[in-house]
Amino acid sequence: MNEKKLIEKLKEKDKEAFEELYNTYAPKIYVTLKKFVDPSEIEDALQEVFFKIFKGIHTFRGDSKLSTWIYQITINVGKDYIRKKKKYAVENIDLTENYTEGIGIQPEADVNVSSEVLDEMEMEKIKKIMENLSEEDRMLIKLRDIDGLSYDEIAKKLNKPLGSVKSRLHYARKKFQKLLKEENLV
Numbered sequence: 039m040n041e042k043k044l045i046e047k048l049k050e051k052d053k054e055a056f057e058e059l060y061n062t063y064a065p066k067i068y069v070t071l072k073k074f075v076d077p078s079e080i081e082d083a084l085q086e087v088f089f090k091i092f093k094g095i096h097t098f099r100g101d102s103k104l105s106t107w108i109y110q111i112t113i114n115v116g117k118d119y120i121r122k123k124k125k126y127a128v129e130n131i132d133l134t135e136n137y138t139e140g141i142g143i144q145p146e147a148d149v150n151v152s153s154e155v156l157d158e159m160e161m162e163k164i165k166k167i168m169e170n171l172s173e174e175d176r177m178l179i180k181l182r183d184i185d186g187l188s189y190d191e192i193a194k195k196l197n198k199p200l201g202s203v204k205s206r207l208h209y210a211r212k213k214f215q216k217l218l219k220e221e222n223l224v
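Sequential numbering from 39 applies to the sequence shown in this note's numbering.
Note that these hints are calculated values from the structure, not bench results.
Incorrect hints may have been included.
[Stated by the list, open to error] Cross-link-like lysine to aspartate or glutamate pairs, in silico, EDC-like; alpha carbons within 20 angstroms at most: (1) Lys-213 <-> Glu-174; (2) Lys-213 <-> Glu-57; (3) Lys-51 <-> Glu-220.
[Claimed, not checked] Ranges of calculated distance between the beta carbons of each label pair, as one might list FRET restraints: (4) Asn-61 <-> Lys-93: 13 to 23 angstroms; (5) Asp-52 <-> Ile-167: 12 to 22 angstroms; (6) Lys-165 <-> Thr-62: 31 to 41 angstroms; (7) Lys-194 <-> Asp-52: 37 to 47 angstroms; (8) His-96 <-> Glu-169: 22 to 32 angstroms.
Heads up, the beta-carbon is just placed ideally off N, CA and C, and yes, glycines get one too.
Please model the complete structure; the sequences and the hints are all you need to start from.
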């Protein structure tokens, strides 16, 4: 599929187009993110890049190539991870803990009110969808993806083995993604 057709299909939220986009760009994004993100967070960063692509594709005007736009998103996500890590290390100095992982989503510097309203509407839909998950799945997603806790911090907080936290969070995200697809939000 040529780039113009791919962009059209992405704006229509075509599932095959997103699969093609992922298969084409995920390896390149992964390599770029490795320069910015700790290995333990690379999958989260990769997911964040694709979420931003999905969320922002309708605003893509074609002033640059799609690959250039995606590269810029990737760089911005990578820089965000670096800023989060620095902010977290400064605000939470405690020599008994390991605070090397990021802290969650930082607000954007530029505020677009209409975009925020649309985002808020989507967040309401997402919150309702999350209600269909088990209590444990909701808690894991909230602790990691909203509160920005590291896997180690979650394991300590829940008194569960690190491997179990990672595994359960992986499956919780899969369930959540399936629910989002059913509601045409992904």
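Okay, the hints, checked on the actual structure:
Using a Cα cut-off of 20 angstroms, the hinted pair Lys-213 and Glu-174 holds, with the two alpha carbons roughly 12 angstroms apart. The suggested pairing of Lys-213 with Glu-57 holds, with an alpha-carbon distance near 18 angstroms, which does not exceed 20 angstroms. Using a Cα cut-off of 20 angstroms, the hinted pair Lys-51 and Glu-220 holds, with the two alpha carbons roughly 13 angstroms apart. In this structure the supplied range 13 to 23 angstroms holds for Asn-61 paired with Lys-93, their Cβ-Cβ distance being about 20 angstroms.
Evaluation of the 12 to 22 angstroms hint for Asp-52 and Ile-167 yields a pass: the beta carbon distance comes to about 21 angstroms. Look at Lys-165 against Thr-62: about 32 angstroms separates their beta carbons, and that is inside 31 to 41 angstroms. Take Lys-194 and Asp-52: their Cβ atoms lie about 42 angstroms apart, and the range 37 to 47 angstroms holds. The hinted window of 22 to 32 angstroms between His-96 and Glu-169 holds, with their beta carbons roughly 27 angstroms apart.
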